[in-house]
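Using the sequences and the accompanying hints, generate a full structural model.
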Amino acid sequence: MSDLGKTMFNMQRFMILELKVNPNTSDKIPDDYAFAWYKKMYPFFETNELHEDLKEYFSITEEQVDYVSKYLDDEWLENRRYTFYELEEYFNCRHEPENEITRYVLITILRYIKLREGFDDLFWEKLLTPMKYPTEAGIIISEFSADDILFI
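Just add 90 to the spot in the sequence shown (first one is 1) and you have the numbering used here.
If you are wondering where the hints come from, they were derived from the structure by calculation, not from laboratory data. As the structure is a computational prediction, the values presented were derived from the model and not from experiment. Keep in mind that the hints are not guaranteed to be accurate.
[Said to hold, decoys possible] The calculated lysine-lysine pairs, modelled on DSS-like cross-linking and capped at a C-alpha distance of 30 Å, are:
1. 96 x 118
2. 145 x 129
3. 129 x 222
4. 145 x 160
5. 160 x 216
6. 130 x 216
7. 130 x 96
8. 130 x 118
9. 222 x 130
10. 118 x 145
11. 96 x 129
12. 160 x 96
Here it is in structure tokens:
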């Protein structure tokens, strides 16, 4: 038998993304919120029943986003900035990921924070220092729009 909660999650996700791709309603869903749903990442910086009741169904969990964002915020407030590879090493993404924070999870969380307009330009410049990040991490500073959403 199917899990009703997971079905509800998938329906909610589809409806939010459908609103985002519809030109008449696209501006009603913030890019960072749509991105989080698209990536099945808990939209940590929003307080909303649309996702709070379904938190257990997100692939990238509330705890993961909280852990990464809190660490980064604490470091940023102390004027400590890191390259992507330094963060990847800190979270041990490539070997035995701490809190299951893989490279993909780290990139997704960082892009969500960037879309949310978190931190300053110096943070993002240091993060993406040439030769200090993998090619796929370059997407972190990219914009996100309805055109990025694919349903299949």
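Going down the list of hints, with the structure as the test:
1. 96 x 118: This hinted pair holds, its Cα atoms lying about 25 Å apart.
2. 145 x 129: Cα-Cα ~14 Å, so holds.
3. 129 x 222: Distance of about 25 Å is within 30 Å: holds.
4. 145 x 160: 19 Å, holds
5. 160 x 216: Holds. Residue 160 to residue 216 sits at ~18 Å (cutoff 30 Å).
6. 130 x 216: Between residue 130 and residue 216 the Cα gap is close to 27 Å, so the pair holds against 30 Å.
7. 130 x 96: The hint holds at about 12 Å.
8. 130 x 118: 19 Å, holds
9. 222 x 130: Distance of about 27 Å is within 30 Å: holds.
10. 118 x 145: Cα-Cα ~22 Å, so holds.
11. 96 x 129: 15 Å, holds
12. 160 x 96: Holds, at roughly 28 Å.
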